[in-house]
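Peer 1: This is what each chain is made of:
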Amino acid sequence: MRYDVFIAGYGGQGVLLAGNLISYAAILEGKNVSFFPAYGVEKRGGAAMCTIVFADGDTGSPIVGNPSVAICLNQLSFDKYSSKVKAGGVCIVNLSLVNTDGFSDSDVFLIPIPMNQIAQDLGDIRMVNMVACGAYASISGSLGIDTLGEALKKAIPEKNHALIPANIRALEAGAEAANARRKA
Amino acid sequence: MSVNETGKVFIKGNEAVAMAALEAGCKCYFGYPITPQSDIPEYLSRELVKRGGVFIQAESEIGAINMLLGASATGVRAMTSSSGPGISLKQEGISYMAGAELPGVIVDIMRAGPGLGGIDASQADYFQATRGGGHGGYRIIVLAPASVQEMYDLTMLAFDLSDQYRIPALVLADSAIGQMKESIVLNARKQISLPDKSWAVRGRAGDDQQNVVKSLYLGDGEMEAFHWKMHARYQTLSDYECRWEEVMTTDAKLIVTAFGSTSRIAKTAITMAREEGLKVGLMRPISLFPFPKKAYAQLSDHCKYFLDIELSTGQMIDDVRLSVARDAEVFFYGRPPGAGSLPTPEELLEQIKKFYQTVISHQGD
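Quick mapping for you: the protein sequence lines, in order, are chains A and B.
Taken in order, the first sequence gives residues 0 to 183; the numbers are from numbering that gives the first Met the number 0.
Taken in order, the second sequence gives residues 0 to 364; the numbers are from numbering that gives the first Met the number 0.
Just so you know, the hints here were simulated from the structure itself, not pulled from any lab data.
Heads up, a few of these hints could be off.
What the hints assert, rightly or not - Computed Cβ-Cβ distance ranges for the label pairs, DEER-style: (1) B:M247 / A:G87: 21 to 29 Å; (2) A:G29 / B:Q209: 53 to 61 Å; (3) B:V75 / A:G122: 49 to 57 Å; (4) A:F108 / B:Q356: 33 to 41 Å; (5) B:A324 / A:E157: 55 to 63 Å; (6) B:F225 / A:D57: 40 to 48 Å; (7) B:G117 / A:G10: 17 to 25 Å; (8) A:P164 / B:M247: 47 to 55 Å; (9) B:G337 / A:L75: 15 to 23 Å.
Backbone N, C-alpha and C define an ideal beta-carbon position, used for all residues, glycine too.
Put together the whole structure using the sequences plus the hints.
Peer 2: See the structure below:
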């Protein structure tokens, strides 16, 4: 099985950390992983995006034109990339910052989640990327939430490990929100 | 960076180069910062020194390549790395190393050019790398990794081949392979027998043995003899050290050919083409010098159509055309850098389908 996910937002939303976390979790589950970051001349607020491909065998192209899953954390990335999601794919959207009115692609399953709100309610808006990762794991079924939690030890520097429990709560909240959406 | 339970590490391509250099026993690194390769000196500035090695951020790329020449002349394993503009500056030193039969590893993480250019992934330094950008007539070994694993494995191989043949070796990658992260296995250094370095500089005046390392040949016939000796060595490289990967070429009616980052994308594109019933294969040269000419010639015995894909307006295509049979046709799809992104597999699939139609119209199903 080969999974691919594309994550986009603006610099400061933790797009690359989210990509790293998913990568480490996939490695923990025994997969081969390619993580392809792409960002403009770096500054907070600039566009940030990355693609993660993981598979039991060869990961193949690190570049994916039509991703199976796209996570759009802001309006710009939603406007630019939601139409690239392949037919039958999923677009997970940060409803706190994105207006999805007018999105009409019936072949793409839209999962709107108020990620900023959820992160804020848990105590820190910076955990928006964790909410997104939790939602991704739940929707795609590609990774366990427990594995993501375990992978935090690798993805974040040791000096910040005290924050792991809070981040795990954010992962779980994202998964729950996605689950509720799926059932709705 | 920690080794995972699965025995794998998750690292950048550039870090893999640096780690491989350590594993290969590299004792000296000399460089000057330039995007997109600066992770290599960053890593080595931290780790090489811990292992008793020497790390010098030189005053310029010219300084760095000449330090590499000097270190290699003493017989230790040494390397430098840079990108386009810096590699141009190093050409004089590379020529001197070639002239003095010195090994040494040079890593080129290509960026878009010419001039100052940009930092997008590019393959437009193929000519410079494979033809030798310096003066006097020489060749260097050129290896083109297509994954982070190969960044590791081929960097180690570059040290071995360079020592074995006493020819500088260049690892040629681009910012896509340098900056992406993958899970890789840190293979241990292969224990192979290499010739001793009895040629290394030694001996002061009066000592029993004196070795002088130089690229000056003024004696009668000395220069000509040197050229023919090196020519024979380049031929030996071509006979024994060509490396390439073939994917689904046996029954292919169209063979896509690409190196480095582009070949990764092409590989997925040919898999997609196969799913649609198109008989398409991939030929990926791993060594760009020596170029696997014979392998191309053999493929063109049964497949008469090739599609060369490069992140340039076409450079490797010259070698492909020189290698395939005369009655074979080589199509081209180029993506010179500037669009800010690499081609997608879907984009390459579209090109494959287009050229496949031409093949079918020429020769039928």
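Peer 1: For every hint, state whether the structure bears it out.
Peer 2: The hints, checked one at a time:
1. B:M247 / A:G87: 21 to 29 Å: holds, 26 Å
2. A:G29 / B:Q209: 53 to 61 Å: For Q209 (chain B) against G29 (chain A), whose Cβ atoms are near 58 Å apart, the range 53 to 61 Å holds.
3. B:V75 / A:G122: 49 to 57 Å: holds, 54 Å
4. A:F108 / B:Q356: 33 to 41 Å: holds, 34 Å
5. B:A324 / A:E157: 55 to 63 Å: About 59 Å separates the Cβ atoms of A324 (chain B) and E157 (chain A), which means 55 to 63 Å holds.
6. B:F225 / A:D57: 40 to 48 Å: At roughly 45 Å between Cβ atoms, D57 (chain A) and F225 (chain B) fall inside 40 to 48 Å, so the hint holds.
7. B:G117 / A:G10: 17 to 25 Å: holds, 19 Å
8. A:P164 / B:M247: 47 to 55 Å: holds, 49 Å
9. B:G337 / A:L75: 15 to 23 Å: holds, 22 Å
Figure legend: structure checked against the earlier numbered hints; every hint is met.
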